[in-house]
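Using the sequences and the hints, build the whole thing.
If you read the sequences in order, they're chains A and B.
Number 108 in this note's numbering belongs to position 108 of the first sequence; there are no gaps in the numbering.
Number 25 in this note's numbering belongs to position 25 of the second sequence; there are no gaps in the numbering.
Among the clues, some could well be false.
Below, simulated SDA-like cross-link-like pairs (lysine to any residue); rule was C-alpha separation at most 20 Å, straight line [stated by the list, open to error]:
1. B/3 to A/59
2. B/106 to A/59
3. B/106 to A/87
4. B/109 to A/86
5. B/106 to A/104
6. B/106 to A/107
7. B/106 to A/86
8. B/57 to A/98
9. B/106 to A/44
10. B/55 to A/99
11. B/106 to A/85
12. B/57 to A/99
13. B/106 to A/101
14. B/55 to A/98
15. A/78 to A/53
16. B/3 to A/39
17. A/11 to B/59
18. A/11 to B/42
19. B/3 to A/40
20. B/63 to A/99
21. B/109 to A/104
22. B/106 to A/41
23. B/3 to A/56
24. B/71 to B/28
25. B/106 to A/88
26. B/3 to A/45
27. B/109 to A/58
28. B/109 to A/38
29. B/113 to B/71
30. B/59 to A/99
31. B/59 to A/59
32. A/11 to B/40
33. B/106 to A/40
34. B/113 to B/3
35. B/59 to A/98
36. B/57 to A/97
To be clear, the hints were calculated from the coordinates, so they are not data collected in a lab.
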Amino acid sequence: GAGVSQTPSNKVTEKGKYVELRCDPISGHTALYWYRQSLGQGPEFLIYFQGTGAADDSGLPNDRFFAVRPEGSVSTLKIQRTERGDSAVYLCASSLADTQYFGPGTRLTVL
Amino acid sequence: SQKIEQNSEALNIQEGKTATLTCNYTNYSPAYLQWYRQDPGRGPVFLLLIRENEKEKRKERLKVTFDTTLKQSLFHITASQPADSATYLCALDSYGGSQGNLIFGKGTKLSVKP
Numbered sequence: 001g002a003g004v005s006q007t008p009s010n011k012v013t014e015k016g017k018y019v020e021l022r023c024d025p026i027s028g029h030t031a032l033y034w035y036r037q038s039l040g041q042g043p044e045f046l047i048y049f050q051g052t053g054a055a056d057d058s059g060l061p062n063d064r065f066f067a068v069r070p071e072g073s074v075s076t077l078k079i080q081r082t083e084r085g086d087s088a089v090y091l092c093a094s095s096l097a098d099t100q101y102f103g104p105g106t107r108l109t110v111l
Numbered sequence: 001s002q003k004i005e006q007n008s009e010a011l012n013i014q015e016g017k018t019a020t021l022t023c024n025y026t027n028y029s030p031a032y033l034q035w036y037r038q039d040p041g042r043g044p045v046f047l048l049l050i051r052e053n054e055k056e057k058r059k060e061r062l063k064v065t066f067d068t069t070l071k072q073s074l075f076h077i078t079a080s081q082p083a084d085s086a087t088y089l090c091a092l093d094s095y096g097g098s099q100g101n102l103i104f105g106k107g108t109k110l111s112v113k114p
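So, in structure tokens, the structure goes:
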């Protein structure tokens, strides 16, 4: 079956711009996670959805970051007023139980 | 807060040998521990999960051990092959329960030479 997909695969933007990153989870998976991975580091948790609601958003670094999952399936991570430090690979994962299935990530570059 | 250390950034071994990767954590004992494989430009791929009441788990050439006294997990790849070359990530559940977010180590980059 289809895995987790993320679009775009690459996004280059200028400092101060707004970006949206999309995640399509595996069909039927109730839990959805966003992580951020910098070079040479492991993924770092941002936010976790159970259904439509954010069960844990403690990893969001500041109020420029926001995520939604309005129908309990697709999720969008939104970053306002991007900064160079936001450059990283943004990973999405979904799960039914303990195992998380990751997408290929979106590489965000803020110039 | 929970911290994870994977004690080698890189590990180079000869084809056919057993690779052993180490994951140590510092705080509470997690309900489970997972190992993922990550290839360049790709997302992590789940390999094995071991629960706190399990000492060892195997899957084909892979073996994971979990010692809650030492706060350590060992990940073994036997009869290693060049295709096993990748970064291996250790991950723990964040709150000692299921379906929460995972805390990842930095990973160990394994290179298997023919």
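CA of residue 59 of chain B to CA of residue 59 of chain A, is that 20 Å or under?
The hint is violated at about 32 Å.
Given the hint that residue 3 of chain B pairs with residue 39 of chain A, test it: the Cα-Cα distance must not exceed 20 Å.
holds (19 Å)
Quick one, are residue 3 of chain B and residue 45 of chain A close enough, alpha carbons at most 20 Å?
holds (13 Å)
Does the alpha-carbon distance linking residue 106 of chain B and residue 44 of chain A stay inside the 20 Å limit?
holds (10 Å)
When you check the alpha-carbon spacing of residue 113 of chain B and residue 3 of chain B, does it fall within 20 Å?
Measuring from Cα to Cα gives roughly 31 Å; hence the hint is violated.
Is the Cα-Cα distance between residue 109 of chain B and residue 58 of chain A 20 Å or less?
Violated, at about 29 Å.
Straight-line Cα separation of residue 106 of chain B and residue 107 of chain A no greater than 20 Å?
The given pair, whose Cα atoms are some 18 Å apart, holds under the 20 Å limit.
Starting from residue 109 of chain B, check that the Cα of residue 104 of chain A is at most 20 Å away, please.
holds (19 Å)
Is the hinted pair residue 55 of chain B and residue 98 of chain A satisfied, with a Cα-Cα distance of at most 20 Å?
holds (18 Å)
Would you check the hint for residue 59 of chain B and residue 99 of chain A, treating anything up to 20 Å between C-alpha atoms as holding?
holds (15 Å)
Given the hinted pair residue 11 of chain A and residue 42 of chain B, is their alpha-carbon gap at most 20 Å?
Status holds; Cα separation ~16 Å.
Distance restraint between residue 57 of chain B and residue 99 of chain A, which requires alpha-carbon spacing of 20 Å or less:
holds (15 Å)
The structure fails hints 4, 17, 27, 29, 31 and 34 (numbered hints given earlier, in ascending order).
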